[in-house]
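Q: Based on the provided sequences and hints, a complete structural model is requested.
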Amino acid sequence: MVTLKDYAPAMATQWCPGCGNFGILTAMRRALVALGLEPHQVLMVSGIGQAGKFPHYLQCHVLNELHGRPVPAAQAAKIANHDLTVIAVSGDGDGYGEGGNHFISAMTRNVDITYMVHNNQVYGLTKGQASPTSDFGFVTKTTPEGAWFPLRALALAVACDCSFVARGFSADTDQLSAIIQKGIEHKGFSLIEVLQPCVSFNRQNTYQWYQKRIYKLEGEPGYEPTNRMAAFAKALEWGERIPIGIVYRNNRPVYEKQLHALKEMPLVKQKLPDPGQFEELLDELL
Amino acid sequence: MAAEINFMAGGEAGQGVQTVGFVLAKTMSRAGLHVFADQDYESRVRGGHNFYRVRASDTRVGAVSEKLDILIAIDQQSVERHHQEVKQDGITIFDQDKLNIEGKKLNSLSIPLEKMAEETTSNKLMTNSVGVGAAIAVGGYDFEILARVLREHFAHLGKEIAEDNVKAARAGHDYVLKQRPKAVRPRVKPAAGIGKTMLLNGNEATALGAMAAGCKFMAAYPMTPASSIMEYIADKGRKFNIVVVQPEDEIAAMNMAVGAGFAGVRSMTATSGDGFALMTEGYGLAGVTETPVVIIIAQRPGPAVGLPTRTEQGELGFAIYGGSGEFPRAVLAPSTVEDAFQVTVRAFNLAENYQLPVVVLTDQHLASSYQTVPKFKLDGVKIDRGQLLTEAESNSAKDYKRHRFTKSGISPRAIPMRGKALVATDSDEHDEAGHMIEDAELRRLMMLKRLKKYESLQGDIARPLLEKKAGADIILVGWGSTYGAIEEAVRLLEKEGTKASRLHLNQVWPFPAKAVASALGSAGKSIVVENNATGQLARLIAAETGIRVSGTVLKFDGRPFSPEYIVRELKKEVV
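Quick note, the sequences are listed as chains Y and S, same order. Be aware that the first sequence starts at 1, since it is given in this note's numbering, and climbs by one per residue. Be aware that the second sequence starts at 1, since it is given in this note's numbering, and climbs by one per residue.
These aren't lab readings, by the way, just hints derived from the structure by calculation. From the three backbone atoms N, C-alpha and C, an ideal C-beta is built for every residue, glycine too. It cannot be assumed that every hint is accurate.
DSBU-like mimics (lysine-lysine), calculated; alpha carbons at most 35 Å apart, straight line [said to hold, decoys possible]:
1. S:K420 <-> Y:K182
2. Y:K257 <-> S:K401
3. S:K401 <-> Y:K127
4. Y:K269 <-> S:K382
5. Y:K263 <-> S:K398
6. S:K375 <-> Y:K271
7. S:K196 <-> Y:K271
8. S:K239 <-> S:K67
9. S:K514 <-> S:K499
10. S:K420 <-> Y:K263
11. Y:K271 <-> S:K407
What follows is a list of derived Cβ distance ranges for each label pair [stated by the list, open to error]:
12. S:A155 <-> Y:Q258: 20 to 30 Å
13. Y:Q204 <-> S:E438: 29 to 39 Å
14. Y:Q211 <-> S:S456: 43 to 53 Å
15. S:A155 <-> Y:K263: 28 to 38 Å
A: Okay, here's the thing in structure tokens:
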């Protein structure tokens with residue numbers, strides 16, 4: 001039986017004391033244990049930024065990718081071996097800025113991977129510049145006149161018909177762990193955005209700031225995450241009230257399930273061809 | 001004395017030039033001749049002017065000739081631009097109702113092509129087939145060979161259309177025999193002992209090489225002139241369980257190839273120069289994470305968008321030096337269609353054996369030129385996946401480290417979920433276990449470990465081809481697709497009384513410095529021939545061997561070399 005011990009950090013963490021990422025790490029470990037997944041069944045592909053370091057702080061296969069590029073590699077790894085549980089990890093800069101094009105395409109493609117975006121509304125690792133999700137007017141070293149309008153990534157996700165869209169809060173590890181479990185179990189591309197206070201560079205969007213605004217969608221009477229228009233309204237909601245929980249889900253066809261080549265077994269398990277089987281292709285050219 | 005026949009079909013984009021050219025090339029190959037055919041086309045879907053040259057010979061040919069025996073002029077531009085390329089005893093086939101040849105000195109064969117198409121098949125679309133039939137008659141070839149090629153070529157459009165094409169072609173063929181019997185030339189006899197040959201282009205050979213080598217995953221973004229590699233594998237590969245993904249851009253394509261390679265399947269991408277510009281970040285990623293991946297670059301003239309449908313060898317330096325930082329890679333440059341198959345197979349083996357990115361540099365000229373080649377020997381294809389852990393080894397590996405220090409710099413590779421070993425790697429500098437580090441000494445050791453792979457890779461790089469002529473006091477040096485043109489230029493020179501040796505590289509990095517230095521050291525005058533403006537190979541030779549070559553013959557107008565062009569330029573060089 002897999003236990004939390006199996007997911008002990010592979011190396012010492014480098015995050016600041018009080019970082020929101022610690023809560024996400026706890027929630028992830030609990031989710032993986034609850035799902036009974038062993039470390040060798042899990043591949044985490046991360047980008048660059050404080051979130052990019054995440055996979056090094058537990059036990060699993062790790063492909064720590066380039067800035068903004070974890071999602072393409074994660075999709076390909078899943079296609080190459082669909083027995084793997086593949087989790088991609090980004091921050092708001094990595095996922096929504098540098099990797100924006102990949103983010104959009106991955107949601108429409110719908111490969112069965114889970115994508116966690118740690119959103120602290122600021123660049124942490126590069127020490128405090130504005131991010132794609134910084135609030136309007138947020139003053140940083142690179143935006144002395146204030147940041148411009150933020151990207152509402154969850155609304156973009158619902159618009160792309162992303163098959164699972166959720167938001168969690170790093171200080172609520174119980175709910176976050178449950179969301180991660182559901183995201184991993186969901187068949188298709190799952191986006192989980194995690195609100196995660198940056199204690200070093202974001203003095204505006206603090207734990208208290210989020211605590212005051214967040215509310216849980218599970219408690220909303222009549223809220224049905226399969227209703228796309230209702231989900232769109234919730235995905236746009238940001239200000240006095242910020243919803244957390246499962247915002248949207250659907251049962252769109254999964255990309256790799258449509259591939260003929262994967263019908264029998266994962267690509268990686270298939271025997272390499274005897275080159276002689278291509279004889280017929282050569283004959284076509286005679 | 002070699003006998004040959006040279007055709008050209010010219011017309012606007014959308015007028016079927018490609019079909020005419022391919023059918024002629026196929027017919028000539030079935031008639032037992034060696035064929036080389038190249039395509040000159042514009043970056044547009046309709047209009048402009050495209051042409052297709054087919055050279056058929058009783059001896060092996062690897063380049064086109066500048067002179068034509070038969071020109072099929074579908075548009076007026078074909079007459080305006082190419083009538084002077086037609087030999088004195090050559091012939092121009094055209095439709096008098098359509099084109100005007102007034103004032104041109106040419107040996108014309110006017111045929112009411114469109115009218116005959118309508119009369120025989122009630123279909124104007126068959127016009128080109130009338131022209132092809134006429135051309136085959138002028139060449140003196142058996143109509144049945146053409147009829148079979150047409151039936152095969154149009155089979156996918158249904159029997160009726162295929163038969164209409166045959167009917168139209170027969171009308172053109174019979175017209176020549178009856179109305180213009182004097183136009184019929186003596187037939188070039190089949191090449192001795194040629195047997196059955198395949199007719200394919202460089203991209204098809206590359207794609208077949210990848211498939212035969214066991215490539216299971218390809219991600220690529222369409223870009224001329226590389227796209228047909230992806231199209232071929234997507235079409236033919238499905239049956240053999242090969243996955244082709246077309247992602248949002250080249251950045252994704254490259255990172256997907258790395259992701260699949262990490263997960264344990266042979267993977268590749270294909271692009272042209274500017275697409276590779278987007279991939280260089282991922283090129284370095286493959287280098288630092290030691291992930292095997294094959295990147296095909298079918299070059300076209302740059303910089304930036306350049307000339308999308310034309311040819312150049314401008315990415316030699318880019319492939320060798322591209323990417324941030326320093327990491328080992330191999331760069332191969334197939335010289336012919338046949339070589340493209342062998343070199344691509346080799347690329348996959350090198351990538352896995354040395355756990356690094358391997359670039360295969362082709363160009364538009366090689367990618368889209370058709371050549372007759374003996375059927376590839378598939379039993380000669382050897383797949384060598386290098387140091388891979390078995391499931392049992394992975395299960396019993398205590399404390400597995402993906403980047404373990406070894407004597408060769410190559411660390412045994414575990415595959416995720418083949419056994420229980422955890423595989424970790426990082427684009428950050430990392431330790432043996434694949435976790436990020438800051439330590440100065442560990443960084444130094446990790447750089448040395450990766451670069452150490454060059455030591456054994458160097459010995460695994462094929463020696464360049466050296467064709468030494470006794471008494472030659474000049475050596476021509478080339479790389480990649482210029483092989484055929486240089487080979488023939490050497491023959492032309494010899495006919496004119498100048499003996500020349502030849503050195504040709506199809507694996508350019510790691511640079512075979514010893515072999516090149518020894519070949520050039522005793523050769524007298526050395527001239528590098530390459531399809532670029534700055535002499536990239538000449539400069540590479542200087543950098544790697546200290547030898548400054550005597551001169552260069554460069555071409556950077558987006559068009560391939562002809563043997564005649566090389567000879568003319570060499571004469572200027574000698575003067």
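Q: Taking the Cβ atom of A155 of chain S and the Cβ atom of K263 of chain Y, is their distance within the range 28 to 38 Å?
A: Holds, since A155 of chain S and K263 of chain Y (Cβ atoms, about 29 Å apart) stay within the stated range.
Q: Could you grab the alpha-carbon distance between K257 of chain Y and K401 of chain S and see if it respects the 35 Å cut-off?
A: Measuring from Cα to Cα gives roughly 33 Å; hence the hint holds.
Q: Mind checking the alpha carbons of K271 of chain Y and K407 of chain S for me, to see if they're no more than 35 Å apart?
A: holds (30 Å)
Q: Taking 43 to 53 Å as the stated bounds, is the beta-carbon spacing between Q211 of chain Y and S456 of chain S within them?
A: violated (59 Å)
Q: Within a Cα-Cα threshold of 35 Å, do K269 of chain Y and K382 of chain S meet the stated pairing?
A: holds (19 Å)
Q: Next pair to validate is K420 of chain S with K182 of chain Y; report whether the Cα-Cα distance is within 35 Å.
A: holds (25 Å)
Q: Do the Cβ positions of Q204 of chain Y and E438 of chain S conform to the proposed distance bound of 29 to 39 Å?
A: holds (31 Å)
Q: Within a Cα-Cα threshold of 35 Å, do K263 of chain Y and K398 of chain S meet the stated pairing?
A: holds (34 Å)
Q: Given the hinted pair K196 of chain S and K271 of chain Y, is their alpha-carbon gap at most 35 Å?
A: Holds. K196 of chain S to K271 of chain Y sits at ~32 Å (cutoff 35 Å).
Q: Within 35 Å, alpha carbon to alpha carbon, are K401 of chain S and K127 of chain Y?
A: Holds: K401 of chain S and K127 of chain Y sit about 32 Å apart, inside 35 Å.
Q: Hinted pair, alpha-carbon criterion (35 Å max): K239 of chain S, K67 of chain S. Please report holds or violated.
A: Violated: K239 of chain S and K67 of chain S sit about 43 Å apart, past 35 Å.
Q: Please work out if K420 of chain S and K263 of chain Y have their alpha carbons no farther apart than 35 Å.
A: holds (24 Å)
Consistency note: the structure conflicts with the earlier hints numbered 8, 14.
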